[in-house]
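Build the complex from these two chains, which are given one at a time in their own frames, with help from the hints.
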Amino acid sequence: MSAREQILGKMEALEQVNHPGDFKGASEDFDFKAALEAVGARVLTAEALEIEFPGRRRYEKTMDGLSLAEVEVLEIDGEFGVAENGAIWLTEEAMPHRVAPFICQHLVINVSKIVPNMHAAYEELKKPSSSFGLFLAGPSKTADIEQSLVIGAHGARSLTVVIRA
Amino acid sequence: MSSHAEASEKFIADAERTDWHDETLWFVREKRDKAAMVLREWEALREHASQIKDHTLANLHQYLIAFEAKAQANGIHVHWAADAAEHNAIVHQIIAEQGSKVLVKSKSMLTEECHLNDYLAKKGIEVVDTDLGERIVQFRKEAPSHIVLPAIHLKKEDVGETFHQHLGTPKGNKDPQFLTEAARQHLRGHFLASEVAITGVNFAIAETGEFVVCTNEGNADMGAHLAKVHIACMGIEKIIPKREDLAVFLRLLARSATGQLITTYSSHFHKPREGQEMHIVLLDNGRTRQLADPKYKNSLKCIRCAACFNTCPVYRRSGGHSYHQPVAGPIGSILAPNIDKKANADLPFASTLCGSCSNVCPVKINIHEQLWFWRQDLMTAGLAPVGKTIGMKLMAFTLAHPAIYRIGGLLLRRFAPLLNSRLNPWYKQREMPVAPKESFQEWYKKR
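From first to last, the protein sequence lines stand for chains A and B.
So in the working numbering, the last spot in the first sequence is 165, and the numbers never skip.
So in the working numbering, the last spot in the second sequence is 612, and the numbers never skip.
Same shape as in the complex, but just chain B (with noise of 0.2 Å):
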């Protein structure tokens, strides 16, 4: 696995498909912000999502308690995952005893964290994803690269060319109306004739025992409606309080991720319909770890609205696929850490720490601090890349030691070539500027 600079140098090799794909993360940026700023009360709504996410991590204990009490009395089987194969192994026992061998999923990052699809096809079931964006890349063999978009990365020729080969629609055509009622087609047959439906969670109310899925596609309720067994995957993070706390998380969401005023449907799953089996499986995966440091604790206050990728600098000239992570961006890079700290070491230093992903932040996690908090700790633990390290371990000694200093300075202004070399990660892509003749302590002096 390439770290994300090396995956990086790849995707900007392509200069044309890097600005493409930098302005139309911009341009969802923009309209993020017309559909904030028209709320006199946003900075309040924030601010107020914010300390409900806070008072429920404080009290995630009783909250989850009394959400399966609920749930139950409700109907809703309820399974707890300490880690992914826990969850993997639930569900996969669930479609088993319906016998199932093709079912339909939603989109779940939750089910992307714990490779549920690639699980349960070493045991002979098909996952058909059914949100058009991740419908294209799971023909494609490939990962989402957004987590509301997930084929922001594709041009649509290359989409046409994906269904040409899948669903035998004409080559050449890329026309996006013309695709997606492609789609529609193939993918209501599988609706039809699915007995199991995984669905993921965007809410779940402690205080009522039902859980919110929210689409602008309709296909989480297609296959929930239709399926005989509906199984919907949660971290344990999901929880809020009551209802009404719904009214601030509904307003923020669409808005803060496409700008909508509010996603087309918002479904509250409160009861499973009548001959209906209804599922919940929440699941832990290192978020138990995460709620104990309180450096990191809030990251688990997320939304997943994506509003931090479409705002960095960093996410929008380098994609997604070069996080190697189901949630890429400067989110991403905050949460992976905690699931495997050298696997991810990379990621926190993939940031500009500019901190407009904090800013734009509907439930004000502060992702930027936290990258840094990363950063030293992944130094600490002697888990950062050897150049870097080196790099930081020359540095620190040469400015500890002000003979050397003055004769570093010196060779690097002669020999500006040592500077501006490969060994520089810093000098790719720049232009240095000319180094001055003279240092400052040597000018002083003159005077």
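Isolated chain A, as found in the complex (with noise of 0.2 Å):
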């Protein structure tokens, strides 16, 4: 007998349970752009951002992974932000590669669209419509050693976010 049918054999005939369906009554009064400052990223305008990042890289598709290692600042579309928490929804068509938002030292994340919380966001994403996806909030961090927090462990060392109307 196959593992599978062994896993499966010992499960059946178990007393049935309902799912409880959606979550209501969540919290929407959330700051975005506290969060994300909470999260350890930085808010800038588009006017400040030419100023402090001139020679960043925009997002191209022939990027290929490896060659992204050598990039100091790269420029991503991130398709809405969460307000509880500061995380914002990427995809991998808004990337050169998967691997785009980590390998790259610094990140810059254009957001137009907020939602308040993970279940707003969730509506968004009812069904996948990309292979690849995630909510990224703030640098890549750690606190491993002795609990101090130290920005900047394999991900990107800093996240910066514009707003854009």
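There could be a bad hint or two in this list.
Straight-line Cα separation of at most 25 Å, DSS-like style, residue types lysine-lysine; simulated pairs [claimed, not checked]:
no., chain 1, residue 1, chain 2, residue 2
1, A, K33, B, K196
2, B, K321, B, K175
3, B, K506, B, K436
4, B, K436, A, K10
5, A, K61, B, K393
6, A, K10, B, K507
7, A, K33, A, K113
8, B, K336, B, K320
9, A, K10, B, K407
10, B, K436, B, K407
11, A, K126, B, K407
12, B, K466, A, K24
13, B, K199, B, K460
14, B, K407, A, K24
15, B, K436, B, K235
16, B, K611, B, K460
17, B, K466, B, K407
18, B, K320, B, K306
19, A, K10, B, K553
20, B, K266, B, K320
21, B, K529, B, K199
22, B, K558, B, K506
23, B, K199, A, K33
24, B, K460, A, K10
25, A, K10, B, K506
26, B, K506, B, K462
27, B, K199, A, K24
28, B, K529, A, K24
29, A, K127, B, K407
30, B, K460, A, K126
31, B, K235, B, K507
32, A, K126, B, K466
33, B, K436, A, K61
34, A, K127, B, K436
35, B, K235, A, K127
36, B, K462, A, K10
37, A, K126, B, K436
38, B, K558, B, K466
39, B, K466, B, K235
No lab work stands behind these hints, which were simulated from the structure alone.
Written out as structure tokens, the structure is:
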């Protein structure tokens, strides 16, 4: 008997319990900018971005994964931000490569749409439209050495968010 | 292997370090409280998550089949493993087909449970753990002492010395920023060179066939997106029904674990990237046995946040290694006896049954009650420590025979050292009260 049959065979005839359905009554009064700062991101205006990162690279379809390791500042577009936790939903289609937001040294993300909380976020994402997507909240970080927070573990060392109208 | 009590004695021998460990974890617990309490719906969220998990476990059969079908349709290879040996053999087979000798792995307690690294090492394959805390303990040939904070038992001086030996950082440098940068440079080389990456799985969605991996460092993604082959290893209990359910779990997970609003990266792997090979290994290893037992079934609801570790007065003062299991703390103490009753018979006793674990659990597992159920089962099965068994039998006999109870009481009152001796584990590290001159009965008779 295969492992599959063995495992599935042991699980029949359990009592039925209903799914509770969608979560109701979630808070909506969150400030996206405050959440971004809480997760270690910086918020800049479009004008300030030009001054800060004049030499940044925009997303180009032709960039391959390994060459992205050489990119100092990469700019990509996020689909929407989540006000409760500062997370931004990114999809494979908006990046040159899946590894892009991780491997570049510094990351800039443009967002124009903001939803209040994670429930509203998954309302937008009921069906996967992309082969890979992620919520990204702030720069890469770790506190594995004595609980001291260090920004820039393996992924981008900084995250700058530009909220565009 | 020493029991939890014996290992704890060694841990607390360094009082200063014990206090530091205790306070550091309590600090994480307090961060959790702050993050939770700003959400007025926190308790409703816990209840909702608990119900989703109850529903999923009751329908796990159908959800596993649905997940498998969807994942396969997405181009992902799905493997089933009945136990650790099968799991390791499947993973090895995939790596052998690639011909890789070195690979990267992000945090996966399941691969610790299967002792995958040791198994692959014997086959001549080196596993590089890429989570910073895991890399530190791997260098030191230690196991993680905490499922979220693997190196929480170490001080920065220890890490500095370890990196000096293994990465050539200057001796005496213990700056976390500097040491993290050294690890970043060291591991970046491995990410760029590895053809195979192994990751764990936080959630697998039956409806879509995708899986979600959460990290703060970005190490799972750095490995998976650069490798030709991605192997994701998961226990069968990681399934959830729908994408929307993720909203509930992602809100609870990081807040419960570290007090963060959400982990930095919550990656949704739906299909392999172009030209990539993606595998999922579904492991049982005793989980179906646990599922069939109504007393212990809902321990499988665990989302591995470790909130129960951080709040536990015993864990904080005994350290993760005392539990001699990959998953320590209160949840580990109710999971481990299911895998090996005899080897883990000490763990359900490593608790004060204060119930704090159950109170912080984001999926409302009745952890402290299950610890108590295990104690009963282990006593009945004759697997409790000999001293405890004799002690309990002696106590039961004494309480059942009033004459002996009276004589025993008299003897102990007259000769207190009988009780305050090494024969009584409760006496250790405690100041016992002075025995009263007369018993309650004697006093009452005089009235």
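Consistency of the hints with the structure:
1. The suggested pairing of K33/A with K196/B holds, with an alpha-carbon distance near 21 Å, which does not exceed 25 Å.
2. At most 25 Å may separate the alpha-carbon atoms for a hinted pair to count; K321/B and K175/B meet this at roughly 21 Å.
3. A C-alpha spacing of about 39 Å is found between K506/B and K436/B, which places the hinted pair above 25 Å, so the restraint is violated.
4. Between K436/B and K10/A the CA atoms are separated by roughly 29 Å; this puts the pair beyond 25 Å, and the hint is violated.
5. Restraint check for K61/A and K393/B: satisfied, since their Cα atoms lie roughly 20 Å apart, inside the 25 Å limit.
6. For a cut-off of 25 Å, the pair hint linking K10/A to K507/B stands: about 23 Å separates their Cα positions.
7. Distance hint between K33/A and K113/A is fulfilled; the C-alpha atoms sit about 13 Å from each other, no more than 25 Å.
8. Pair hint K336/B plus K320/B holds up; C-alpha atoms about 15 Å apart against a cutoff of 25 Å.
9. A C-alpha spacing of about 23 Å is found between K10/A and K407/B, which places the hinted pair at or below 25 Å, so the restraint holds.
10. About 17 Å separates the Cα atoms of K436/B and K407/B, which keeps this hinted pair within 25 Å; it holds.
11. Pair hint K126/A plus K407/B holds up; C-alpha atoms about 9 Å apart against a cutoff of 25 Å.
12. With a C-alpha separation of about 22 Å, the suggested pair K466/B and K24/A falls inside the 25 Å cut-off, and the hint holds.
13. Between K199/B and K460/B the CA atoms are separated by roughly 32 Å; this puts the pair beyond 25 Å, and the hint is violated.
14. Taken as a hint, the K407/B and K24/A pair is honoured in the structure, with Cα atoms around 16 Å apart against an allowance of 25 Å.
15. Distance check on the hinted pair: K436/B and K235/B sit about 10 Å apart at the alpha-carbon level, within 25 Å; holds.
16. As the CA atoms of K611/B and K460/B are separated by approximately 49 Å, the hinted pair breaks the 25 Å bound.
17. A distance of roughly 16 Å separates the Cα atoms of K466/B and K407/B; the hinted pair therefore holds under the 25 Å criterion.
18. Between K320/B and K306/B the alpha-carbon distance is near 16 Å, which keeps this suggested pair within the 25 Å criterion.
19. A hinted pair counts as satisfied when its Cα atoms are at most 25 Å apart, and K10/A with K553/B does not qualify at roughly 35 Å.
20. Restraint check: the Cα-Cα separation between K266/B and K320/B comes to about 32 Å, which exceeds 25 Å; the hinted pair is violated.
21. This hinted pair checks out: K529/B and K199/B have alpha carbons roughly 19 Å apart, not beyond 25 Å.
22. This hinted pair checks out: K558/B and K506/B have alpha carbons roughly 21 Å apart, not beyond 25 Å.
23. Only pairs whose Cα atoms come within 25 Å are accepted, and K199/B paired with K33/A is accepted, the gap being roughly 19 Å.
24. Proposed proximity of K460/B and K10/A is supported: the alpha carbons are some 17 Å apart, at most 25 Å.
25. Taken as a hint, the K10/A and K506/B pair is honoured in the structure, with Cα atoms around 20 Å apart against an allowance of 25 Å.
26. Distance hint between K506/B and K462/B is fulfilled; the C-alpha atoms sit about 16 Å from each other, no more than 25 Å.
27. As the CA atoms of K199/B and K24/A are separated by approximately 22 Å, the hinted pair is consistent with the 25 Å bound.
28. Distance check on the hinted pair: K529/B and K24/A sit about 19 Å apart at the alpha-carbon level, within 25 Å; holds.
29. In summary, the hint linking K127/A to K407/B is supported, as the alpha carbons are separated by about 10 Å, within the 25 Å threshold.
30. Taking the CA atoms of K460/B and K126/A, the gap is near 35 Å; set against the 25 Å cutoff, the hint is violated.
31. Pair hint K235/B plus K507/B does not hold up; C-alpha atoms about 39 Å apart against a cutoff of 25 Å.
32. Only pairs whose Cα atoms come within 25 Å are accepted, and K126/A paired with K466/B is accepted, the gap being roughly 24 Å.
33. For the hint linking K436/B to K61/A, the alpha-carbon distance of about 19 Å falls within 25 Å, and the restraint holds.
34. Taken as a hint, the K127/A and K436/B pair is honoured in the structure, with Cα atoms around 14 Å apart against an allowance of 25 Å.
35. For the proposed pair K235/B and K127/A, the alpha carbon gap of about 13 Å is at most 25 Å, so the pair holds.
36. Straight-line distance between C-alpha atoms of K462/B and K10/A comes to about 13 Å, which keeps the hinted pair within the 25 Å bound.
37. Taking the CA atoms of K126/A and K436/B, the gap is near 16 Å; set against the 25 Å cutoff, the hint holds.
38. Only pairs whose Cα atoms come within 25 Å are accepted, and K558/B paired with K466/B is rejected, the gap being roughly 36 Å.
39. For the proposed pair K466/B and K235/B, the alpha carbon gap of about 23 Å is at most 25 Å, so the pair holds.
Violated hints for the displayed structure, listed by number in ascending order: 3, 4, 13, 16, 19, 20, 30, 31 and 38.
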